[in-house]
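**Q** Letter by letter, the chains look like this.
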Amino acid sequence: MRPARIGRARIGRTNAFATLAAVGLLVLTAALLSGSVLASQQLVLDRGRAEAASRGRSGAWEAAGELLSAIQQTWNADDQGIDAWWTQHDGAFPAVSELVSLSSRVNLNTLTPFLLQDSELAGTLKGRTVGDFVNYRLDKGPLPDKQGYKDYVQPAALSSMYDVYSLFNVNTADEIMLERVVAARTGNDAFAAAVRARIRDFRARKQLLTDADVDMLLGAEKDAVGELLTLDPEIDVNVAPVEVLQAVLRDPDLKVTQPDARLQTIVAGRTTRPWSADGLRQALGVDKTSLLLQYLGTRTRFLRATVHEQAGELAVVVVVDYSRDSPPRLTLRVLRTEWTRS
Amino acid sequence: MLPLIPRGTKPGPSGPGRLAATSFVELVVTIFLLVAFASLVFPLFWGSGRANAAAAVENAAQRAELTMASVLPPLCEQVRPPYWVRQESAFQASGTEWKAHYCNGREDESLVVKKEGDSRLTLVTGDRTLSIGNLPGLSVDWWEKDKRIIGITIRWHRGPRTRQFHAAWGSLAL
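Listed in order, the protein sequences are those of chains A and B. Heads up, the first sequence is in the working numbering, so the first residue is -3 and it goes up one at a time. Heads up, the second sequence is in the working numbering, so the first residue is 23 and it goes up one at a time.
What the hints contain is simulated information worked out from the structure, not anything from laboratory work. Every residue, glycine too, gets a C-beta built ideally from N, C-alpha and C. Don't take every hint at face value.
Unchecked claim - Selected chain B positions facing chain A (in silico; Cβ < 10 Å):
#: 1; residue: Val79
#: 2; residue: Ala91
#: 3; residue: Pro95
#: 4; residue: Glu99
#: 5; residue: Arg108
#: 6; residue: Ser193
#: 7; residue: Leu196
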């Protein structure tokens, strides 16, 4: 009896050993296989994410490109304001959530303390004085993003009345900011200081610079400064909000007669057809040399389009050039793109 | 005198005969398992050494490409020189270093792209440094359009082919 018991025990031990070894081998094999599968899977996931992000970006770019082409090809700027064009065409661009004329807004970089102080614009400051704003801009400005002014301007006004895009009108822009822009553009601080001094002379005499004056002022640096310094007005009356137009028209320095009546005329007139330069001048009752026409014009120079995509939002800022034809041929150049992840 | 073992009786629980008999099956199983284990492991770690090395190189190249694709565009998007600056002061290149300045308020910040050796790309912003290796035959250039610098182009070899990656800035000077 005893040998038989010994035999069964031995077989049992052998079985247990074999089972343990087999399980060990199986676990090892499974670990190796799962490790390699996980590593490959991670690589595939990473690639998938990168490809999805890339697809999203190119999709958003494509939508923005289609919008800009459509504007270039179908917008008759003499016949229709950009807002009216967008109302008519927004259905064709489901990915584009917003098309805004930045020429409807006051440029916080060029806004003079006088206009800010003497108009309703002072009420849009966020618990700060005009002096605080001016000192802040003196320290930090000009700022490339309007969010840089968020501690100084009320959010609603910052969103609808202000931006930081416009050409720099030599007759209306803040002279310190003009000097800084010219210095940044030319890399020549002495030249920028001389430009500022000359502009101050003109302003002290209450005399507007003309094209010939600007040519003389810039001299050999004209190419370097390019189209940045201009005599074109910064604000487009065809799209500007009433608050902005009201602030400019009521500025005592501009001496507009019956400003509220002028405002009503402008706002009522632009609903049917955009104002032309001559029409606007007559409606405002001023001559061609009026300082008011250095502020208010009839062309949108900067546009911003926002494109929604699954992974985020693409904002594109475009500068628009107009030919002298009628209707004008448009040249659109992308100036800034900004991708915000959702 | 040694005690006699009765005929037909198997060895007791101790002694060399028992050891030999009980270990034989275990020995065979162990050898079998070792051979099976080695046949599984050997191809994985040594037998396919060359294939593994090639796969590692391929994976490293893929990783480098993915890292670049995921990191470079967001870094480049930060490069937003205001539209009034001039290109000469915003973008500078010298030998193996490409520097794009951008403005955060009046504080000048920059994205620096460095080519280190033949296969390593290093990206430096104000507070971050990222190095991407495994880019053999690496070369870096500005990405230009209409005589304006709109971004950066990076080229490298992957096997017999030349790969290239473009990343544009978030903004341009007017």
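**Q** Each hint: holds or not?
**A** Comparing the hints with the structure gives:
Residue-level restraint check for valine 79 of chain B is violated (minimum Cβ-Cβ distance to chain A is 14 Å; threshold 10 Å). A least Cβ separation of about 5 Å between alanine 91 of chain B and chain A falls short of the 10 Å threshold, and the interface hint therefore holds. Taken as an interface hint, proline 95 of chain B checks out: its beta carbon lies about 7 Å from the nearest beta carbon of chain A, inside 10 Å. A least Cβ separation of about 6 Å between glutamate 99 of chain B and chain A falls short of the 10 Å threshold, and the interface hint therefore holds.
The restraint placing arginine 108 of chain B at the interface with chain A holds, with a minimum CB-CB distance near 5 Å, inside the 10 Å limit. With a cut of 10 Å, the hint placing serine 193 of chain B at the interface with chain A holds, because the nearest CB-to-CB distance is about 4 Å. Interface restraint check: leucine 196 of chain B against chain A, minimum CB-CB distance 6 Å, threshold 10 Å, status holds.
Violated hint for the displayed structure: number 1, the only one.
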